[in-house]
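Chemist: So you can see what is in the structure, the chains are spelled out below.
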Amino acid sequence: MNLIHSRLQTLFAGFVTAILALFSFQAQAQSQNQNDILTVYTYDSFVSEWGPGPQLKKIFEQQCQCELKFVAVEDGVSILNRVRIEGKKTKADVLLGLDNGLIEEARQLKLVRPHKLTTDHLTPVLNWQDDSFMPFDYGYFAFIYDNRKIERPATSLSELIQSDAQVIYQDPRTSTPGQGLMTWMKAVYGDQSTQQWQQLAQHTVTVTKGWWEAYSMFLEGGSDYVLSYATSPAYHAVAEGHEHYQAALFSEGHVTQIEVAGITNNSKNPELARDFLEFLTSAEAQKIIPVTNWMLPVIDGVELPQAFSKLIQPKTIGFTPKEISQQRKAWLREWRSAASQ
Amino acid sequence: MLAYAVVIFMTALAFYGLIGFDQAQFDARLLRDSYIQQILMFSIQQSGLSALLSILFAIPIARTIHFMPQLPGRLVFLRLCLLSFIMPTLVLVTGLVALLGRSGYITPLLSEDWNLYGLNGILLAHIYLNMPLAVRVLSQQLGHIPDTGWRLAQQLKLSPWQSFLKVEWPAIKSSLLMLSAFIFVLCFNSFAVVLALGGGPGSTTLEVAIYQALKYDFNLSEALTLAWLQFALAGSIFLLMAKLGKLNWLSADTGHQRWLPTWPKYQQHAYRILYCLVWLLLLSPVLALLPTILSVNWETFNWITLFTSALRSLALALTSALLALLLTWYLLQPIRSTYRHQQEKFRVILQWLATHTLVAPAMVLSTGLYIYLLPRTDLDSSGIFWLITLNALLLIPFIFGQLKPRLIQFDQQYALLSENLKLTPKQRLYILWPFIRPALISSFSLAVLLALGDVAVFSIFGDSDWSTLPWLIYGYAGSYRMAEAALASLLLLLLCIALIYLFEHTPGGHFRDSGSRKSKVKNGSGK
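Listed in order, the protein sequences are those of chains Z and B.
Every number in this note's numbering is 608 more than the matching position in the first sequence, counting from 1.
Every number in this note's numbering is 104 more than the matching position in the second sequence, counting from 1.
Check the hints yourself; a few may be wrong.
Stated by the list, open to error - Reference listing, derived: stretches of chain Z covered by chain B, where coverage requires no fewer than 3 residues with Cβ under 8 Å from a Cβ of chain B: (1) 805-813; (2) 924-936.
To be verified - Here are the computed lysine to aspartate or glutamate pairs in the EDC-like style, where the Cα-Cα straight-line distance is at most 20 Å: (3) Lys696(Z) <-> Asp567(B); (4) Lys697(Z) <-> Asp217(B); (5) Lys757(Z) <-> Asp321(B); (6) Lys697(Z) <-> Glu326(B); (7) Lys718(Z) <-> Asp569(B); (8) Lys937(Z) <-> Glu326(B).
In case anyone wonders, no lab produced these hints; they're calculated from the structure.
Remember, it's a predicted structure, so these values are computed and weren't measured experimentally.
The beta carbon of each residue, even a glycine, is placed where N, CA and C say it ideally should be.
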């Protein structure tokens, strides 16, 4: 038996060595060229082939003589979750795709540092003064429907919730539109939200992890309504040349989303990250983002396709980032208890 | 003894993590949270229903298989049953979505309200994964009915129903309870299916809620509390099962039929139709992948990601299985000597220690380790090490179960003889090797297949930049790229089939019936 033992022992030792070798190799590969790589955490639809990612990458890389590396997760809240879990070890230089509902939380967790950039060139509509986050687009959350299937869309959030129309929305724990719906519900219903969530759960097809999954399912006929943006119809009009998909205008008002980017506290390349944030709000990038991410530009004077002028013009309701960050945990608890009944 | 140290050390770390400290503490208030109560109810409901339905469907199919030995492709069918039991769950999920999802091939035939996401999808997937296992076990049990039983039933002119009650039922009754408990535990610990097919907070199980608490909320206390809940429930059902007896699900299909009742023509037809139907059902999720692939955009498809993920999965699975095999080998050495020295109690303790990971669900161990390690080490670079070790640990019970009987059998037959003959260790190896090779190969291949499908451990310790094939499938499905998901699923499935083929055609390796035929020849008994 000893022989088998000694053989197995050799094998075991060899095995351990091999694993260790693999580690050190990986570690080495990681430490190379860290200076020339800007790592940006974002959500998946931003870097898809038709999203803004590929075009922005090409232009920015020409300017900076560096490599822009996108790391994509399902949706905005997942970016925050991931960086929070990674803590000091995160490789992210820039977080791109958080929104006004998350910036206070990200600030309190000390995930970001001041960007030290001016915000004068931004559109006065936003009235932006944040010193850590730079907006790159904005829009209104809205439910999208297919006007070939639905002739008379819901005209208010209550009408939608009381109806039996099939709805897909996103998980507020992972997705910024999902979180947007959560603030929307609180803004409209306040303490009565629980009953409304339960009512909505009666005709919810599924709650997805991210925006893309939900919207793809909707386009394949998965539901009557999907939670998305008031600007989504512009995509179908411009890219596909039809007006079948429309945003329902709700009388209670809509919640605004301002998508932002920030430089991480642990970034090894803050200069490069700052350049990237500046680039995001440049005329060049702002020309690309509305027709790829299908949101509104954050600077004035960007020429937009005709379809944008046909979009709904909702009145806005909602909370300040501070209010959201104070209530977020309680709201999430309320949502998951109500929606699971 | 080093192996025991490794196994115990890992679990100890995990449970030390679960005891909690600083930022993570057991929170009893959560047990009163209506959300937690709801997911607990749902976990029990879905596993109970899955077990019940799997077995209900399995009974008539097992009877068909047993009573109609002349059915074409019967042996292949039994093999398919095994394959669908060990098939990586995400392959099945992709197939089900392609069939029954929003734009599935069958969906137009269903009612307007049909919704795959939620309980429907979870049950379907669980039945698909577990019913074939039940079919195998039950048809074996039916094979144990002595000829005299049937002859007597015929002489007494029992009606089919009466003979079912008097002859067949007693034969399968004992394994039914065991089987239900086994399937219940499997479904209770099921992760990937619920993660992919659960339709939101209404159909979340404990296992998925642990993952969400860690990765969505970063709420360590909640993850820890839920992990204890999961462990307590799964553990007690497991103990119950241990009391009930042993389930012999991988054992040989004895094959030889002696005497069978003849059935009326109409019933034979019914059996044939059922048989064809089940074939179709088992194959359909896999076949549905094929046309789905056609819509892949070949120009932009990222082949490199697909192949590197596949290689990564293979490498991880092979190293985990190899490590598990080595650990099991060393774990077995003291147990062998307890047989020689007849230390009954010591052996029971050792065996329990060696296979204790069977009680603790993968998610519980992963969560505990994760909470322990997070503030202490750089999980980014050492994650892969924990991934392999934890997977290996979880594979040990499966290898243990197959290897132990063979080794003990060897010792009983040859240990004294080789001592008397004063054989050198090298000579002993020569004798031992052909004896355990089949069991070694079959348990190794089973371990590789199981590790290949791992999602639970990877979801905690994995790195999404460094994804394995199952995780890639989940990612594709998560962004609703079904064509890519189908392609990756098919590759994973082909890998599994290739592995099975490879192991079966290794000289002496019989994946399905490891060595029992040979041992039958030698000593007239399979066990």
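Chemist: All hints, please: hold or fail.
Modeler: Here is what the structure says about each hint:
1. 805-813: With 3 residues in contact (Cβ-Cβ under 8 Å with chain B), the coverage given for the region 805-813 of chain Z holds.
2. 924-936: Answer violated; 0 residues pass the 8 Å Cβ test.
3. Lys696(Z) <-> Asp567(B): Distance ~16 Å between lysine 696(Z) and aspartate 567(B) Cα, so the pair holds.
4. Lys697(Z) <-> Asp217(B): Given pair lysine 697(Z), aspartate 217(B) is violated - Cα atoms ~47 Å apart, limit 20 Å.
5. Lys757(Z) <-> Asp321(B): The hint is violated at about 37 Å.
6. Lys697(Z) <-> Glu326(B): violated, 23 Å
7. Lys718(Z) <-> Asp569(B): Violated - the C-alpha atoms of aspartate 569(B) and lysine 718(Z) are around 24 Å apart, more than 20 Å.
8. Lys937(Z) <-> Glu326(B): holds, 13 Å
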